[in-house]
Each structure stands twice: as structure tokens, then as C-alpha cells.
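Asks: Given these sequences and hints, build the entire structure.
Top line first, the protein sequences correspond to chains A and B.
The first sequence begins at 0 in numbering that gives the first Met the number 0 and counts up one residue at a time.
The second sequence begins at 0 in numbering that gives the first Met the number 0 and counts up one residue at a time.
One should not assume that every hint holds.
Derived DSBU-like pairs (lysine-lysine); straight-line CA-CA distance at most 35 Å [unchecked claim]: (1) K169/A - K332/A; (2) K350/B - K145/B; (3) K16/A - K169/A; (4) K169/A - K145/B; (5) K350/B - K16/A.
Hints in this document: simulated from the structure, not taken from any laboratory.
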Amino acid sequence: MSTILMPPPDPAVIARKSQIVAALRGALPDDAVIADLEETRAYECDALTAYRCAPLAVVLPRSTDEVAAAMRVCHRLGVPVVPRGAGTSLAGGALPTADCVVIGTMRLNAFLDIDTENRFIRVQSGVTNLSVSAELEPEGFFYAPDPSSQLACTIAGNIAMNSGGAHCLKYGVTTNNLMGATVVLSTGEIVELGGPESGPAGLDLLGLFCGSEGQLGIVTEAILKILPRPEGARPVLIGFDDAEIAGQCVANIIRSGVLPVAIEYMDEPCLRAVEDFAHAGYPDCAAVLIVEVEGSPDEIADQLARIRQIADALNPVEFRESRNADEALAIWKGRKSAFGAMGRLGDYICLDGTVPVGQLPHTLRRIGELSRQHGLEVANVFHAGDGNMHPLILFDANQPGQLERAEAMGADILRLCVEVGGCLTGEHGVGVEKRDLMTSQYDAADLAIQMEVKDLFDPGWLLNPSKVFPLDSSASHRSRAAE
Amino acid sequence: MSETLTRDDLAPASESDLTGLVADCFARQRRLRIAGGGTRVEMTMNRPRLNTAGLSGVVTYEPGEMTLIARAGTPLPDIQSMLAAEGQALAFEPPDMRGVLGTEGTPTIGGVVAANASGPRRLRAGACRDHLLGVRFVDGQGRMLKNGGRVMKNVTGLDLSKLLAGSFGTLGVLTQVALKTLPLAPASATLAFHGLDVTDAVRISSQALATPFEVSGAAFRDGAAFLRIEGLDRQVAYRRDRLAAMFGDRRIEVLDAGETARLWRDLRDVAHFAGKMPLWRILAKPGDAPAICTALTATGGQVSLDWGGGLIWYAGPGDAGTVRAACHRGHATLIRRAGLDGPAFPPLAGKLAALSAGLRQVFDPAGIFNSGLMDR
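Replies: Below you can see the structure in the form of C-alpha cells.
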């Protein structure tokens, strides 16, 4: 049993399945529509696997026009639409309902234009995050946002969730690297937002769309800002025997004027799991930081010398530099295998609340207390430079009641993040997972105006319904839309 | 145009004063002209001015978190000196428009956000909106609202902060903004190339911006192109030498940190186009800049470039139709009218216009906020 409720599907829509599927088949190529239950089941969940529901049908369009055609059918017949990238959402952003049509972007996978003179790449939105940088490599450029699911996740999903990654301390998140988007609205209308020009002509609708979790439309093409590849990058590992001092080191580095590309943090439970799994040779201590800087060999040496000076003042148990590519890989090895290592320990929930960097020590202490209180182990591994925590709550899904306990503890942690001045989610999105916690961060009026904006873009509330906004809060909007 | 406080000014002293006042104006359909320092936009609307000077003061500044929270009416110079004392700055370099507009107030941080005011470093560091972490604002019905927060990564709900940035007081009255601050680079230098035309200048910028040397300014003025580099001492020396070597066949003048600071402040503030001609701000694809500039200068007047050609300033006599037609796919905003009539902001068409109008209806249903300024 799980604790997140979805409203019952509309039986009238389900009853019309054959009519809906026929209309979709009439508007799209045959192989673009999947209606067989065995096949639709492949789309029953995303990476929040505790929640599953096969959709009514799945549509896999190859062009903006096909997305628009599918959307027009759903709009005309009053069918909810759940947009889906690669299905890597940890928040249930792509979780279907039984009365919905999933519109997947996986076949929108063409690279349309690389323009190094104007520093952008134009892609269909279903290309994977990593493939964008791979495509740019021969040109000496890259695309900066690098969520850890980058091998699988799509640009469409990145835009929907405003994804970040390890390197956003220097380069920002998706919204800072997105120049334009072609979007299909709930009516099937196609709109171009932004473009290769250096800013919008009027209101920043692109900024509104980015991170809107499929509530306002589906992005089918994107213009992404590209950056020249740095000459080189090198990490250092700094171990501390006190988690709080590790947090202090993060703040001191940031204040110093050196701007690393990444500052990653791993706590003792995480280090233990990683050591057992990956044998990365990390020091046995309370907390480890991995700090990465970029530039020419000289520039790197200069920045690392400054970081060493800052760290040394705090008596680290170890300051490990990497002298070559192999040693650099070894430093990253444990961090990169952290989630895999945790997976071996059992089931886990991964949260991503963000806190002000100065609140990291306090937050970590309180998470430790909550861990003891709920009787579940927590490991912390996160992007420390921007306070984006990733507490992993470990539990056993086969033991009755453990998922619920883990979810309750997760809710406590997220409320704590808000309490200390942070937010519920830094990069995973609200989805269904954090939907009902929104009232801890926002007052009724703050949510109301967001829902009024959705009313404008999606008057029928057909797009990704029952997500992001607490069901109680959205009830009146949904029922008005249904009339 | 002087924007001194007059008896007609409404100057609420707190957020609750402001919500009461706006609710009252909403009920009575009484239109307002919202202004911070009144330095960034020529406003010709004849209606009571809502002044944010009473909502002033820094709420929090945490250098170690690179976070500033300030009430909207806080004077920008106060914030800049507070940050500078900690070796930090607003990396998006908000321009001071008083020189070119002949305005006299004191710029406020709320005005910076409302105008999404961003200077030369936008090229590398992003615009004001990229540094905006959250806002508090009052909508057109007098609702006190907040969006975003104070942390750099936040996808909790719809990002209305981005909408408020650059909405020029048409969607709400900002009462508080949270911004990311960044360390000031300890060293800087500029490479200056003389005797160029626009095509040359854009080509040099594009080549320089394709290097990993983190060029943080790429501008063109009066036949000279400028590339700014910033960073730690050794970084700047290294980058300067590498770039100079790259353009070894051209005569390059290197400007030191002091000269760099003065030059880029002037470029930021478009000091070279102070005067009486209409002044246009044009956002374009950098590669389109040469053709646009050719079309513009054919009508008389002068152009300068920023953001590697992505921002074109045009001071000249061309009428609005000619200027907008010359912009190709880019878009032009009339910054200084100097007698020119017509909309200052680029007119929108089709669904974009409908969505913008719809958003104004959501945020300001009675149209009491700076209505008509952008597109209504």
C-alpha cells in the first residue's frame, strides 16, 4: 500500500477507448499509436516505481505536427494527456492514469541545427541529454546541464523539470541554458517561445514553461545554449572528521572567489556503502567533499592551491589531489557509484530538497535525528555548492508499512528543508511525490495564482492532471474545467 | 524627465499598506503607474505614481551562500556597495540608464528586476532573471504573493519569478526580491581591436566566444571591438595571451583593470548614445547583426553592439516601422522616444499576444498596473 492518492479515472473516458484510439489512429501514422494493454504496460510508471498505472493508450509521434494532431484529438474528446520523456522522473512526473493518453517524446530524436557562430543547438526534444554534448563534441562545445540520469533522460523531460546536475554551481540549470522552445498547447496549437535572439520580445513565457512539469504544454523542439569545452578539469577529494566543518569548508570556498564547477558531499553512511561497493579508497571519516575546478593546467593548479589553503585551515583528515586522468577518475568513482551502492543496500527513496548552504550542518543534524526517530537509515550525497540535498532513505519494500514510514520520514525531511529557508525540490520536480506537501511551502493564494496560470494554458485541465498541485487545492479548478 | 516624489505619489510603507491600497484601487478601477526609482523607462502615463521607496532595506545578505534578499525599494547603489565590501557583485551588471534617459531618481533593486536589467556580462553570467531566486509581489487584486525562494535550485511549482522579471510592473508590484550574488573577479583586462566594421566585430566576437577563455564582454563601438576577460590574476594573464595569439595578425591594444572597469561601465550604460536622438535596443541573433546594422544605418544614425552582436543599440532618426522591419527576426524596443510616437515594446502577434494578454488578465484583471506599457 502506498500513500499518494490519485483521483479515480473517468469511467466515461475509459468506456470510449475504442473511439479515442480510432481517432488517434486516424490522425497519426499506424505505428505511432499503442493501445494493447500488454504494450501500454511498459509505460505504467517512471522511476518512482512504487506507483504504477497503465494508460489508456500511448502515442509516440515523430514531429511537432504529430504531437499537435494527437493533442487536438485528446482536446476534442476530453482525454487527459500525460507527457513523457524517458520516464526517469523520480517524482512520478510521468505517472499515467487509467483514463489518459501518454504522449511520449522518444521518437522526436533528431538533431536539427548546430550553430557555433551563434552558440546554440536546435534539437527535437526527445534526444537524450548526454547525446547533445556528444553531438557537440567534434565542434569543441558542450551542453552544460548534466543530471545524473543524463544517459537516458531527454531534453523534453529536462525542460519540464528544469533539471540541474553536478555542474550547475558554475553553469546554472536548464532554464539558464534554454534559449527557445517549440511547444504544443493543450488545444494542439503550436507556439514558438524565445529563439536564438538574446531575450524575449515580451513576457518571459519560456521561463514560465521551463520547469512547468507538463502542466502547460509539451515541448517538441528546443534551442539550447552551447558552451566551449573547458581546456581541462580536475577534482580534489577533501575528507573531514566532522560533517559540520565540511559544510563550513563549502561556504569558505564559495566566499573565496574561486568558483568550482562542482562541490559534491558524501556523508559517513554513504561513504561506507560506496566503499563496500566500489572500493574507491575513500578515507574513513565523517564527510568527504569532491571539488572540481576547470581551466588550463596552470589555472587549475592556481585554483587548487587556493582551495588547499582554505581546506588546510580547517584541518582535513585528507586532501587528495589527482595528478592524472586515472586519479581523477578514481576520485569521481565513488561519487558516481553512490546511487548504485545504495541500491545494493535495499530499496530507497531519493529526495532533493534544497537548503541555504549555511543551513547544511543544521539540516544534516536534524536529518540524523529524524532517521533515529523513524528507525530508518539515511545516507546523504548531494550537490553541496548549491545546497541541493539528496537524502536517501533506506527501507525494505517487502516489509509491510516500511514504504509508508519512509514516505512519512521523507515528508518530515522536506518540511525541514522549507523550514530552514529552502524548498521541497531542487531538480526532480513535484510530480505526485511532493504534490501534497506544496502547502508547506506556499500559501493558498500562492498556489491559486499558479493554478490560474494553468487555467489559461490548459482550460480543460487535461495536461498531466492531479500532479504538482495538492488535490484539495486544485479541486475547484478541475471541476470547473470538467463542466 | 524628473521623477521626484510629489503629492500625487502613493508611497506605502509596508506590504500590508500596499495590499490595502491595491485592493482599493482594484475595487475602484483606479489605475496606477508603478515605479521604483523611475530611472529605466520613460513613462508618459498620466496617473498616480505608486512609489516603492517605503519598501526599502536589505533583509538578508549571506556572502557565503551568495544570496541577497532585499525589499524592492532598496536603492541599487546601497546594495552594490554592501556587496562590494564582501568582494561580491550582482554578476549581471545592471546598467544605469539615467545618463541616456535623462532621468534623475535613484535606481532600485525592484526596478532592476522589473526591467530584467542586464549589462555586458549577460553574455557569460546570464541576465538578471537568471540570478533571480524568488520574489514577493502584490497582484492586481491586492493579493500578497510569493514565488521561488532563496536557493539556487528550486523547481517547486510554476516559475512565476521569471514572468515578473522583465514585466515592467505590468503583472504586479514587487515588494521583495532574492538574488544570487557572485564573487567579483580580482583581475580583468580588455583586448581592443581598432578600425573594424560590424561584420569584422561580430566575427571576432564569435571566434573569441568559441574559446574556453570565458570572455565576459564582447562589444563594438565607434569602429572598435572589445573583448573582456576576468578571473584570478594568472587566469587573466593566460587568457589574454592566448586570445592575443589567436588574433595575432591584428593590431591589439590591451587595456588594464582600471581602463577595463571604466570602458565597460560606459558600454553598459550606453554612455556613447547620450543625446537627443531616439534610442532603440534591439535583441537579435548575433549573426544577423551585420545585416540589421546595415539596414539601420542606411536611415542615418549610429549603431553599437553588445553581447557579441546579440544586443544592438541604434541611435538615429529611423521611424518605428523602418527600425522594426530592419530587425529581421529580432525585436526592437524604443528606449528613448525623443518625440517618436507608437508602442515602445515590440508588438506581439497571434497566440503569443493572446497568451500575454491572458497572463495580464490573471495577474491584473482590472488592468490597473502600468497597463499599456508593454502590450495592452
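Asks: Against this structure, judge whether each hint is valid.
Replies: Each hint tested on the structure:
1. Of the pairs offered as hints, the one joining K169/A and K332/A holds, with about 21 Å between alpha carbons and a cut-off of 35 Å not exceeded.
2. Note on K350/B and K145/B: the hinted pairing holds, with a Cα-Cα distance of about 27 Å set against a maximum of 35 Å.
3. For the hint pairing K16/A with K169/A, the CA-to-CA distance comes to about 49 Å; that exceeds 35 Å, so the pair is violated.
4. In summary, the hint linking K169/A to K145/B is supported, as the alpha carbons are separated by about 26 Å, within the 35 Å threshold.
5. A threshold of 35 Å between alpha carbons decides the hint, and for K350/B with K16/A the separation of about 31 Å falls inside it, so the pair holds.
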